[in-house]
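Asks: Chains as they are written, first to last, in the UniProt record's numbering: chain A, 1 to 198; chain B, 1 to 191; chain C, 1 to 201.
Just so you know, nobody snuck in bad clues.
Think about it this way: if two alpha-carbon atoms lie no more than 20 Å apart in a straight line, the pair counts; the simulated SDA-like pairs of lysine to any residue are: (1) B/Lys-168 / C/Asp-18; (2) A/Lys-133 / C/Ile-154; (3) C/Lys-199 / B/Pro-164.
Here are the in silico distance ranges between beta carbons for each label pair: (4) A/Asn-10 / B/Val-94: 28 to 34 Å; (5) B/Gly-166 / A/Phe-24: 49 to 55 Å; (6) B/Gln-85 / A/Gly-23: 19 to 25 Å; (7) B/Leu-131 / A/Val-13: 38 to 44 Å; (8) C/Ser-68 / B/Val-94: 24 to 30 Å.
Think of the hints as simulated: they come from the structure by calculation, not from any bench.
C-beta atoms are modelled at their ideal positions from N, C-alpha and C, and glycine is treated no differently.
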Amino acid sequence: MKKKKDTFINMVVSLFAITIIAGFSLGFVNELTVGPIEKGKIERKVNALKQVLPEFDNNPVDEIQLVKSEFAKDSVEVYPAFKNNEFVGAAIIGSTEKGFSGLIKIMVGFTPDGNIKNIAVLEQKETPGLGTKMKDEKYLAQYREKNPSTFNLKVTKDGGEVDALTGATITSRAFGEAVQMAYDEFIKNNDALKELKN
Amino acid sequence: MDYIIILIAAVFVNNIVLAQFLGICPFLGVSSKVSTSVGMSGAVLFVMTLATMVTYLLHEFILVPAGLDYLRTITFILVIAALVQMVEIILKKVSPPLYQALGVFLPLITTNCAVLGVAILALGLDGGSLLKAVFFAVSNSIGFALALIVFASIREHLELANIPKGMKGVPINLLVAGLLSLAFLGFTGLV
Amino acid sequence: MAEKVNQTQNFLKGIVKDNPVFVMLLGMCPTLGVTSSAFNGLGMGVATLFVLLMSNIVVSLVKTQIPSKVRIPAFIIVIASFVTIVEMVLEAFIPFLYEQLGIFIPLIVVNCLILGRAEAFASKNNILSSIVDALGMGLGFVIALTALGAVREILGSGSIFEFKFVAEDANTFILFILPPGAFIALAYLSVLFNKISIKTT
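Using the sequences plus the hints, can you model the full thing?
Replies: Spelled out as C-alpha cells, the structure:
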C-alpha cells in the first residue's frame with residue numbers, strides 16, 4: 001500500500017474517521033461498564049453498613065437521611081437501620097480534615113442507646129505503615145461497645161481514654177474527632193430516627 | 001485562607017514532583033543546568049495555567065452536562081496538545097524573545113504528565129470554582145519550578161564531585177532526588 | 001530462520017538492552033508513583049502493557065492510511081481511547097486496584113513509552129514485529145515495576161504480595177513506602193541492573 005499524501009482533505013478525513021471510531025467504541029465500552037461501576041459502589045457501601053450495624057432487614061441506602069450540620073461543609077449522611085420495623089441503630093459518616101495528610105472519612109455504627117457498634121474507614125490518605133494502622137483490629141477494638149457519653153474519645157495524651165497509634169498521634173486525634181462528630185450527629189437525630197417507621 | 005492552604009500544600013507538602021511523582025521526565029531530563037530549568041519552569045507555568053483553565057471550563061460546561069464524563073482523558077490530552085501548538089505559534093509571532101526563551105521546551109510539555117495530572121486533580125478540589133482551579137495550577141507550577149531549580153543547582157555541583165563509577169548518571173541523580181524528597185517530607189503536617 | 005532470530009532479539013531488547021525504565025528512563029512517573037507494593041507495580045505494568053500492545057497493533061495496521069503530518073494527534077487519540085477503556089474496565093471489575101492506582105491510570109496517556117514505541121517502531125514495521133516489540137517492551141516495564149514494588153514492599157512493610165513475614169507490629173523501614181524511598185530504591189536497583197547487564201553483554 002502506498003502512504004497517503006499530506007493533502008488537506010486526507011488529513012481531515014483520516015483524523016475525523018479516527019475520532020468517530022474512537023468515540024463510538026468508547027461509548028460502547030461505557031455502556032458495558034456503567035452498570036457494574038454503579039453496582040460496585042452501592043455494594044461497597046452496603047458491605048460497610050453490614051460491618052458497622054447490628055443485623056437489619058431494611059435497605060438503609062434507600063432510606064438515607066441527609067442532615068445539615070455545622071461541622072461539615074456538606075450535609076452529613078445518616079443511614080438508619082430497622083429490623084421488623086423496629087429501630088436497631090444507625091450508621092453515620094464522620095469526617096475530618098485534620099488528619100496528617102488531610103481528609104479522613106469513617107462510618108460509625110451506633111445502637112439506639114448511643115453505644116458504638118463498629119467503625120469502618122472509608123477514605124484516608126495517611127502515612128502508610130503509621131497512620132494507616134487505624135484500620136487495624138487492635139486500634140478499632142478500643143472503640144467498640146463504648147458510649148461516647150461516658151467514654152472520652154480523646155487520646156490519653158490529651159486526657160482521654162484512647163491509646164494513640166504509635167507514631168501517629170495526629171491521625172489518632174483526628175480519628176477521635178471524626179467519631180465525636182458522628183456521635184454528636186447521632187444524638188441530635190436519634191429521636192427523629194426512631195420516629196421514622198411510625 | 002483556603003487559598004493560602006492550597007498554595008502551601010502544593011508547593012511544600014504535596015510537592016507535585018517530589019511527593020506526587022508527576023513531571024518526573026522533565027525533572028530528570030532538563031535539570032542539568034539551572035538556566036534551562038528556569039526556562040522549562042516558565043513554560044510549564046504558562047501552559048499548566050492555561051490548560052487547567054480551558055479543561056476546567058470544558059469539563060464543567062460541556063462534558064458533565066452532556067453526560068460525557070468518560071471522555072475526560074481523551075479530550076483533555078487533545079486540548080493540551082492543541083494548546084501547546086497554539087502557544088508555540090502565537091509566541092513565535094507576538095513575542096520572539098519569549099519564544100527564544102521557552103520555545104524549545106514547549107513540544108516537550110505535551111507529554112509532561114504534570115500538566116494533564118494537574119488538570120485532572122483540579123477537578124477534584126473541595127468546593128471547586130474556576131478561580132480555585134487556576135490558582136491550584138499556578139501553585140503547582142511554582143512547586144514544580146522550586147523542585148526543578150533546586151535539583152538543577154545540586155546537579156551542577158555534582159559535576160565536580162568524585163562519584164563511584166557504577167553510581168554515575170542516573171543512579172546518583174535519583175539518589176539526590178530521593179534526599180530532596182526526604183527534605184520535603186519534613187513539611188508534612190504543615191497544613 | 002533469519003526472520004525468527006530477528007524476532008527473538010526484537011523481543012529481548014525490551015527486557016534487557018533497551019529496558020524502558022532502567023535504560024531509557026521512559027514512564028518514570030508511574031514507575032515511582034504506584035510502586036509502594038509489588039501488586040500495585042504489577043497492576044500498573046499490566047495495564048500499561050495492554051495499552052502499549054493495543055496501540056502498537058492499531059498504529060501498525062493504519063499506518064499507511066494516516067498522512068504523516070497528522071500522525072501524532074492520530075496516535076494520541078488511539079492511545080487515549082485504549083487508556084479510557086482500561087480506566088472504565090478497572091473501575092467496573094477491579095475497583096480495589098482502580099482506587100490504588102488513582103490518577104496514574106489516566107496518566108498512562110502521557111507515558112512517553114507508549115507514544116515513543118508507536119512513533120519509533122509501530123509506524124515503521126509490520127504488525128507481527130509491532131506485537132513482539134510491544135510484548136518485549138511491555139514485559140520489561142512490568143518486570144521493572146514489579147521488582148521495584150517488591151523491594152519497597154519487603155523493606156517498607158515487611159511483606160510481599162500482601163503476604164506478611166514479620167510480626168504484625170514489628171518496625172519496618174517505612175521510609176521505603178514513602179515518596180523518598182521510591183527514588184532511593186530505584187537508584188540502587190538501576191546500579192544493580194547496570195552491573196548485571198554489563199556482565200551479560
